[in-house]
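Next come the chains, spelled out residue by residue.
There are 2 protein chains.
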Amino acid sequence: METAVILCAGYGKRLGKEIPKPLIKVAGREILYRTVILLKKTGVKNFILVVNPDNKEKIESFIRKLGVKYKIVLNTNPERENGYSLLLAKDFVKEETFILTMGDHIYSEEFIREALNGKGIVVDYKPLYTDEEEATKVFCKNGKVEDIGKGIKRFNCYDTGFFLLNKHIFSVAEKLIKEKEPLTLSEIVKQAQIDCYPVVGKFWTDIDTVEDIKKAEKNLLKLSIKSVGDGFISRTLNRRISLWVSERLINRITPNQATFIVFLIGVLSAIVALYSPALGGILYQLSSTLDGIDGEIARASMRTSKFGGWLDSVLDRYVDFLFLSVLALHLEPLGAMLVWVLLAIFGSLMVSYTTERYKGAYREDAYEVVKELNYLPGKRDERIFFTALMCLLGWVELLFIVLALVTNLRSLFTLYFIWRRKGKE
Amino acid sequence: METAVILCAGYGKRLGKEIPKPLIKVAGREILYRTVILLKKTGVKNFILVVNPDNKEKIESFIRKLGVKYKIVLNTNPERENGYSLLLAKDFVKEETFILTMGDHIYSEEFIREALNGKGIVVDYKPLYTDEEEATKVFCKNGKVEDIGKGIKRFNCYDTGFFLLNKHIFSVAEKLIKEKEPLTLSEIVKQAQIDCYPVVGKFWTDIDTVEDIKKAEKNLLKLSIKSVGDGFISRTLNRRISLWVSERLINRITPNQATFIVFLIGVLSAIVALYSPALGGILYQLSSTLDGIDGEIARASMRTSKFGGWLDSVLDRYVDFLFLSVLALHLEPLGAMLVWVLLAIFGSLMVSYTTERYKGAYREDAYEVVKELNYLPGKRDERIFFTALMCLLGWVELLFIVLALVTNLRSLFTLYFIWRRKGKE
Numbered sequence: 005m006e007t008a009v010i011l012c013a014g015y016g017k018r019l020g021k022e023i024p025k026p027l028i029k030v031a032g033r034e035i036l037y038r039t040v041i042l043l044k045k046t047g048v049k050n051f052i053l054v055v056n057p058d059n060k061e062k063i064e065s066f067i068r069k070l071g072v073k074y075k076i077v078l079n080t081n082p083e084r085e086n087g088y089s090l091l092l093a094k095d096f097v098k099e100e101t102f103i104l105t106m107g108d109h110i111y112s113e114e115f116i117r118e119a120l121n122g123k124g125i126v127v128d129y130k131p132l133y134t135d136e137e138e139a140t141k142v143f144c145k146n147g148k149v150e151d152i153g154k155g156i157k158r159f160n161c162y163d164t165g166f167f168l169l170n171k172h173i174f175s176v177a178e179k180l181i182k183e184k185e186p187l188t189l190s191e192i193v194k195q196a197q198i199d200c201y202p203v204v205g206k207f208w209t210d211i212d213t214v215e216d217i218k219k220a221e222k223n224l225l226k227l228s229i230k231s232v233g234d235g236f237i238s239r240t241l242n243r244r245i246s247l248w249v250s251e252r253l254i255n256r257i258t259p260n261q262a263t264f265i266v267f268l269i270g271v272l273s274a275i276v277a278l279y280s281p282a283l284g285g286i287l288y289q290l291s292s293t294l295d296g297i298d299g300e301i302a303r304a305s306m307r308t309s310k311f312g313g314w315l316d317s318v319l320d321r322y323v324d325f326l327f328l329s330v331l332a333l334h335l336e337p338l339g340a341m342l343v344w345v346l347l348a349i350f351g352s353l354m355v356s357y358t359t360e361r362y363k364g365a366y367r368e369d370a371y372e373v374v375k376e377l378n379y380l381p382g383k384r385d386e387r388i389f390f391t392a393l394m395c396l397l398g399w400v401e402l403l404f405i406v407l408a409l410v411t412n413l414r415s416l417f418t419l420y421f422i423w424r425r426k427g428k429e
Numbered sequence: 005m006e007t008a009v010i011l012c013a014g015y016g017k018r019l020g021k022e023i024p025k026p027l028i029k030v031a032g033r034e035i036l037y038r039t040v041i042l043l044k045k046t047g048v049k050n051f052i053l054v055v056n057p058d059n060k061e062k063i064e065s066f067i068r069k070l071g072v073k074y075k076i077v078l079n080t081n082p083e084r085e086n087g088y089s090l091l092l093a094k095d096f097v098k099e100e101t102f103i104l105t106m107g108d109h110i111y112s113e114e115f116i117r118e119a120l121n122g123k124g125i126v127v128d129y130k131p132l133y134t135d136e137e138e139a140t141k142v143f144c145k146n147g148k149v150e151d152i153g154k155g156i157k158r159f160n161c162y163d164t165g166f167f168l169l170n171k172h173i174f175s176v177a178e179k180l181i182k183e184k185e186p187l188t189l190s191e192i193v194k195q196a197q198i199d200c201y202p203v204v205g206k207f208w209t210d211i212d213t214v215e216d217i218k219k220a221e222k223n224l225l226k227l228s229i230k231s232v233g234d235g236f237i238s239r240t241l242n243r244r245i246s247l248w249v250s251e252r253l254i255n256r257i258t259p260n261q262a263t264f265i266v267f268l269i270g271v272l273s274a275i276v277a278l279y280s281p282a283l284g285g286i287l288y289q290l291s292s293t294l295d296g297i298d299g300e301i302a303r304a305s306m307r308t309s310k311f312g313g314w315l316d317s318v319l320d321r322y323v324d325f326l327f328l329s330v331l332a333l334h335l336e337p338l339g340a341m342l343v344w345v346l347l348a349i350f351g352s353l354m355v356s357y358t359t360e361r362y363k364g365a366y367r368e369d370a371y372e373v374v375k376e377l378n379y380l381p382g383k384r385d386e387r388i389f390f391t392a393l394m395c396l397l398g399w400v401e402l403l404f405i406v407l408a409l410v411t412n413l414r415s416l417f418t419l420y421f422i423w424r425r426k427g428k429e
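Listed in order, the protein sequences are those of chains Z and X.
Quick note on numbering: the first sequence equals residues 5 to 429 in the working numbering.
Quick note on numbering: the second sequence equals residues 5 to 429 in the working numbering.
In short, the hints are calculated from the structure, not lab data.
Where hints are given, some of them may not hold.
The list cannot tell twin chains apart, which means a pair is met if one copy fits it or any two copies do.
Said to hold, decoys possible - Listed next, the in silico PhoX-like pairs over lysine-lysine satisfying Cα-Cα at most 20 Å (straight line): (1) LYS310 to LYS375; (2) LYS194 to LYS94; (3) LYS310 to LYS363; (4) LYS310 to LYS428.
In this text, all values refer to a predicted model and were calculated from it rather than measured experimentally.
Hey, can you work out the whole structure from these sequences and the hints?
Laid out in structure tokens, this is it:
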């Protein structure tokens, strides 16, 4: 499907802001940006935006910058409701079928990809990210819309605001407009008895209030956490704190700025450790706790970049090296102790090297393919937590011995597991 | 093109071996394996092999294992020459156009990819890898074959043994067979006045003698060297020796065996360095010199694997770490010297980490895209050569200081160059 109609003619009074609702930033990106860019990614080429006279200029100057083909359609009577808005788009839809969506709804990429497999109205049975009471209800029977509305009593699913329609819908709307004024989209949909297509459990929500924005930001950040690669300390401690911080920073800093600030905290922790390993250890753990922020912000605000991922990895290696080196200086290691120190520093690097080099060779994430790796201890979050703990206890020699053993055994097991899965191909 | 006819009915008397010529191993792979697997890669689905009665069984049992659709056609009168062999394939060619090639010719993948863009007889103006005197000459005029033969006086290019033919060629052959006996392919080609299509400077050769095999193996190994990523010592010293060794080992060991043996030499060098850094250094340089063998053998014998590349990289890191650690133990470093030691070991790893992590992120070779990296000193071959030299001179402290500076500066420059090229995307 190459055409999308986006209805942006509402006034969004409940938000009471100067900016048009589609241009309100949620988790660092305007609602309209999210919809347009995600749809563009799936192949949509023409965007038809129905706007009200007050918003026209701002919305047009915004979409111009997104580098897509668009048509702005003016609804000078927004009080005639969104059914009327849809009808105004009629002459600009060239394809037989088209996408219809709302300028105040946010969707995840997964939602959109699944939705595009269907037709009619996309519904959800159990919305995970939006308020069921506020949502428009749908009664779906034999795969068709039987009833739809906010206040209907008998319903079995919810309207996600995402439609895959046939041009036939316009003739239904034209017939209805003669009888009804104002005309809502729901009335058209009900009359046309379009198909229902369920997409369940994926992120979608509409934005009506400031609380909706906060809730959406929280959810987008939560969903931004990669499902693989997090160690025990990340899952149980770091992510809780980093998500809290990300929520407060997402509209204020870029992912690369976050990377750099956290890097500086890491470097600072090593400098402090020169004088006080205990205090340095606490700072080191802090930098580790905040290490997820850049990725969280990047994914939630649709700002991921290959460079950002690369830079973050490389800087992590520097911080780990610096901190362990400072601890080693305190120890003045000789003989066997020097061996443990060198092994610990080398092993810490190799944990990352083995899996990153794997990605370079196989173009896939080692943790996703060689599942055994997820059960090995010694990921960065775990190493740093243990390091900070040992610094507080003053057991730096033991720290190096344990690190040396855990990281190098982990690397050897990585070698073994990857060989077992891939060595005979 | 989905059909290939391969003429394998010759007796290859000059090689005087028990095995049919198409099954002779050149650089670790049978001639027929190379042709079939490379053609399969480019989309060929049906293979028609014309064989003589003595070879039939052996060739059939070989091609059965290659997992392709094939048809064996028996030429009970091979003395009637290869024109007659071609005619025998007639009833099995279903497509309008087909590939014709020889069971005693070897081609590189690049040759085949370029050749498939053309039609008629594929010719070369200046063969780089085959003996011009022995080759069949072609006189090409207005894009068509005017004359062809080993002994012709007027010619301007050479027959590569690779043809892209139309089924029309069979009617020409049928007409000729009534007048001529034996009938060579050259006579058919000349009579049909097929098009000439040049592919210049790519690897192709025919195999007639033991010397041809030796020469082809040498060339295949030379061509197996990757054009990027080699440092100064590799280009000027290591590759000359490793190629010489690879030539002698290619029919005897697998790439992974080579990886493992060279890894053991590296580990041994570290152990020896415990007692004599000078002797250890020499062994370390030897392991570096031989480090290219696995890749050379793998590429020349069509045995490359992602796992092999990954394993080789990871084991290299272990060897470097072990050797430098042993040297560090000799030094008993404290204070500033400990810092140099740690920096040298860390930096050596980071040279590889930064570019390998880049490959994981961007799915392309950093050295090919960020060309500046090729001019930075500090690649592994250079580091090891310098390390061995310093070990011989007994200047181990200086070694660590220089390694620390060169490798870490190199990593910082890598950071800078990649940021400059990619950081603003």
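- Item | Violated hints, by number in ascending order, as checked against the structure | none
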